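Let the hints inform the model, and build the full structure from the sequences given.
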Amino acid sequence: EDKVVQSPLSLVVHEGDTVTLNCSYEVTNFRSLLWYKQEKKAPTFLFMLTSSGIEKKSGRLSSILDKKELFSILNITATQTGDSAIYLCAVMGGGSQGNLIFGKGTKLSVKP
Amino acid sequence: KAGVTQTPRYLIKTRGQQVTLSCSPISGHRSVSWYQQTPGQGLQFLFEYFSETQRNKGNFPGRFSGRQFSNSRSEMNVSTLELGDSALYLCASSLGSGIDTEAFFGQGTRLTVV
Numbered sequence: 002e003d004k005v006v007q008s009p010l011s012l013v014v015h016e017g018d019t020v021t022l023n024c025s026y027e028v029t030n031f032r033s034l035l036w037y038k039q040e041k042k043a044p045t046f047l048f049m050l051t052s053s054g055i056e057k058k059s060g061r062l063s064s065i066l067d068k069k070e071l072f073s074i075l076n077i078t079a080t081q082t083g084d085s086a087i088y089l090c091a092v093m094g095g096g097s098q099g100n101l102i103f104g105k106g107t108k109l110s111v112k113p
Numbered sequence: 004k005a006g007v008t009q010t011p012r013y014l015i016k017t018r019g020q021q022v023t024l025s026c027s028p029i030s031g032h033r034s035v036s037w038y039q040q041t042p043g044q045g046l047q048f049l050f051e052y053f054s055e056t057q058r059n060k061g062n063f064p065g066r067f068s069g070r071q072f073s074n075s076r077s078e079m080n081v082s083t084l085e086l087g088d089s090a091l092y093l094c095a096s097s098l099g100s101g102i103d104t105e106a107f108f109g110q111g112t113r114l115t116v117v
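Sequence order for the protein chains is G and H.
For the first sequence, this note's numbering gives the first residue as 2, with consecutive numbering after it.
For the second sequence, this note's numbering gives the first residue as 4, with consecutive numbering after it.
In short, the hints are calculated from the structure, not lab data.
Predicted model only: the values in this text are computed from it and were never measured.
Please note: incorrect hints may appear among the correct ones.
[Said to hold, decoys possible] Computed beta-carbon distance windows for the label pairs:
no., chain 1, residue 1, chain 2, residue 2, range
1, G, 59, H, 54, 30 to 36 angstroms
2, H, 18, G, 113, 22 to 28 angstroms
3, H, 23, G, 78, 41 to 47 angstroms
4, G, 29, H, 73, 28 to 34 angstroms
5, G, 78, H, 19, 49 to 55 angstroms
6, G, 51, H, 14, 32 to 38 angstroms
We put the CB at the ideal spot given by N, CA and C, even for glycine.
This is the structure in structure tokens:
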């Protein structure tokens, strides 16, 4: 059965800290891995990763994929209180582009 | 450009009733996927429509159904509602063709079954 596992499930840090969120997967016919940030309702898209070893970067956020070891990490440097959210990892697999398999998420709380 | 629009935002229904939720994708996007999000199960895939055809389906009972119109708008229907159907229902749109593309989510419909 396809699965995506995120760790840790929750994390509390102070502003300025650097955090690393983990996502491992076992998915048939892996196509891509996506990271989302969910604050209240709609998950907002962060990154899509398809190739191993190529870091994607956006401001203080970066992510990388290891297709051999079947995992990805999301790094956030110099965290701010606005980074507090649930971070979701999802993997697109199988024969369709629409079937995203989500992890349970990592709840990040950044304290001032 | 406008994002993904879901209506209604909130809904309260009684057990046994049925409900229809609507999703208008980003202009130009032809794929619409539906997800159910609950605290215990996280985000779970319901189904995906592309060019008015259901292209993929998750592990939900037949009470959950959907359709897509020629303008790519999609509806999801749940019949004979159960208490356990209370959840946030999210739809995501993507271009849906060619190589992998990002999926963008709407704000969701919060369904409460009493």
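Here is how each hint holds up against the structure:
no., hint, in the structure
1, G:59 / H:54: 30 to 36 angstroms, "holds (32 angstroms)"
2, H:18 / G:113: 22 to 28 angstroms, "violated (44 angstroms)"
3, H:23 / G:78: 41 to 47 angstroms, "holds (45 angstroms)"
4, G:29 / H:73: 28 to 34 angstroms, "holds (32 angstroms)"
5, G:78 / H:19: 49 to 55 angstroms, "holds (51 angstroms)"
6, G:51 / H:14: 32 to 38 angstroms, "holds (37 angstroms)"
When each numbered hint is compared with the structure, a violation occurs for hint 2 only.
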